[in-house]
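Number of protein chains: 2
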Amino acid sequence: MITMNFNQHCLALQLRHRSSLCVGLDPDLARLPETVRHDTVLASVEQFCKGIIEATAAHACAYKPQIAYFASLGAESVLEDLAAWVKKNYPNHLWLLDAKRGDIGATAEHYAKEAFDRYLADAVTLSPYMGLDSLEPFLNREGKGVFLLCRTSNKGGNDLQMQVLGNGLRLFEHLAHTAEQHWNGKGQIGLVAGATYPDEIASIRQQAPSLPLLIPGIGAQGGDLLTTVKAAQTNFFINASRSILYASAKSDWQKAAANEAESLQTAIEKARAQ
Amino acid sequence: MITMNFNQHCLALQLRHRSSLCVGLDPDLARLPETVRHDTVLASVEQFCKGIIEATAAHACAYKPQIAYFASLGAESVLEDLAAWVKKNYPNHLWLLDAKRGDIGATAEHYAKEAFDRYLADAVTLSPYMGLDSLEPFLNREGKGVFLLCRTSNKGGNDLQMQVLGNGLRLFEHLAHTAEQHWNGKGQIGLVAGATYPDEIASIRQQAPSLPLLIPGIGAQGGDLLTTVKAAQTNFFINASRSILYASAKSDWQKAAANEAESLQTAIEKARAQ
Chain E
16 MITMNFNQHC LALQLRHRSS LCVGLDPDLA RLPETVRHDT VLASVEQFCK
66 GIIEATAAHA CAYKPQIAYF ASLGAESVLE DLAAWVKKNY PNHLWLLDAK
116 RGDIGATAEH YAKEAFDRYL ADAVTLSPYM GLDSLEPFLN REGKGVFLLC
166 RTSNKGGNDL QMQVLGNGLR LFEHLAHTAE QHWNGKGQIG LVAGATYPDE
216 IASIRQQAPS LPLLIPGIGA QGGDLLTTVK AAQTNFFINA SRSILYASAK
266 SDWQKAAANE AESLQTAIEK ARAQ
Chain V
16 MITMNFNQHC LALQLRHRSS LCVGLDPDLA RLPETVRHDT VLASVEQFCK
66 GIIEATAAHA CAYKPQIAYF ASLGAESVLE DLAAWVKKNY PNHLWLLDAK
116 RGDIGATAEH YAKEAFDRYL ADAVTLSPYM GLDSLEPFLN REGKGVFLLC
166 RTSNKGGNDL QMQVLGNGLR LFEHLAHTAE QHWNGKGQIG LVAGATYPDE
216 IASIRQQAPS LPLLIPGIGA QGGDLLTTVK AAQTNFFINA SRSILYASAK
266 SDWQKAAANE AESLQTAIEK ARAQ
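One line per chain: the protein sequences are E and V, in this order.
Adding 15 to a residue's 1-based position in the first sequence gives its number in our numbering.
Adding 15 to a residue's 1-based position in the second sequence gives its number in our numbering.
Worth double-checking, as some hints may not be accurate.
Copies of one chain are not kept apart here, so a pair can be met inside one copy or by any two copies together.
[As the list claims (entries may be wrong)] Once the Cα atoms are required to be at most 27 angstroms apart in a straight line, the calculated DSS-like pairs of lysine-lysine come out as: (1) Lys-159 x Lys-103; (2) Lys-201 x Lys-159; (3) Lys-245 x Lys-102; (4) Lys-285 x Lys-265; (5) Lys-65 x Lys-128; (6) Lys-201 x Lys-170; (7) Lys-103 x Lys-65; (8) Lys-170 x Lys-128; (9) Lys-201 x Lys-65.
Please keep in mind that the hints were generated in silico from the structure rather than gathered at the bench.
Here the structure is a predicted model, which means the values were calculated and not measured.
From just these sequences and the hints, can you work out the full model?
Now the structure itself:
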């Protein structure tokens, strides 16, 4: 029996769902629809996240909980419950923990436990600044994946990522090259590439032809979809969070989220076909 | 009235305690002394951390809880309780959350809430990969500090940090230069520099004469103390975790931790005087 590695699994999920849409779960109390205002904060957050997933599952292939939104509320138990619920009810959607962790040795082992054992993640976002040995405790988990920050969608991304190295590559290109050529032996690595810089997604794709890309920055951040999809070519996830989560603050919030997700899924598939 | 900024506050703490010792709190269940094995995991971790702080407070000027050790156990409530207890009983020790977070915008705001509001940190470690705007939600908190990963003590630190840029500086030197010259307007930034590379601490000090340094890698990781202290010059924290926490697994664990802390404090002060 041949088992797919994580990189292949990403592509298989996109094909299965005919979708490259990843929905980011960033539950912001101040923006929750009126009708999910429960007695307790934790109940509201849980109801909202489940409601978004139910409404959008037909249009998405991945969900990306952003752990900071849970941690700032002390809502770790909600994220645990949500993880178990997703694994039971949506086992064929990618469950990607956005945590951007980065540490070494025993500490990295503990972060891997947090992501994979506690929150049941299929993959986790990591910062690459500490290098390969900071990734190893995650890569040692067979079948699991990591998405390394490569070229981020914010202005400050220029500060380090755009520095030109002695080899002529910019730092983010060097990272993409190194990840593809030297670190991806077991097919577990992906890269984060912001849609605000489609030319740089093309450069990443040149350096890393086979790695799945996680692309935030469409939607609220304003990246252009067609040029992004053309640059990313294949095996990519387009992430949208706020534009779907907060499509309506009224009682039609699930319908509005579903419409927004469907519309983005359709636009991605159309761009892919162009 | 003149208020000290965070950089000055670091130096004042070191002078007050006649110590540059930071004790890292990495509570590893498998290594807890037999006599702190309580009925529950959470009670054990709390008793152990408090016991270490009580035993070493006369020799240390800072404590650095590593959040991964709490998160992998679901022990966030212990870290909250510990934070409140430290703020009440040891208000003149620096309470530095080692989290190495790094994200942007609203997400970074939530991480700042986690560190400063939930865990009452005076300062937090951050990854610099996403640049200045990823630091701003932390720097907007008056009086709080951030320590940016600069040159880390692990082998993989070479992968990105040692890359030579077009301006002739290595990436970590460029970061130190940028942090000192452009980002430290309100005196809130420090740098993390591993003791395994004392020559590179000297390079960091050249680029960043005024920033406090947080230096792991002495003790279990084997860095040389005298060359490290000479390179760091002044305003630095030498962190030790395992060598103090697990100095004894028997009933004398507090006494052993105190001895180890005192011995390291004395060695640092001796090196400083040489």
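Outcome of the hint check:
1. Lys-159 x Lys-103: So Lys-159 and Lys-103 pass the 27 angstroms test inside one copy only (18 angstroms; across, 42 angstroms).
2. Lys-201 x Lys-159: within (10 angstroms within a copy, 42 angstroms between copies)
3. Lys-245 x Lys-102: neither (32 angstroms within a copy, 53 angstroms between copies)
4. Lys-285 x Lys-265: For Lys-285 and Lys-265, neither the intra-copy (30 angstroms) nor the inter-copy (66 angstroms) Cα distance is at most 27 angstroms.
5. Lys-65 x Lys-128: both (24 angstroms within a copy, 24 angstroms between copies)
6. Lys-201 x Lys-170: between (33 angstroms within a copy, 21 angstroms between copies)
7. Lys-103 x Lys-65: within (12 angstroms within a copy, 40 angstroms between copies)
8. Lys-170 x Lys-128: between (32 angstroms within a copy, 22 angstroms between copies)
9. Lys-201 x Lys-65: Neither: 33 angstroms inside a copy, 43 angstroms across copies.
The structure does not agree with the numbered hints 3, 4 and 9 stated previously, though it agrees with the rest.
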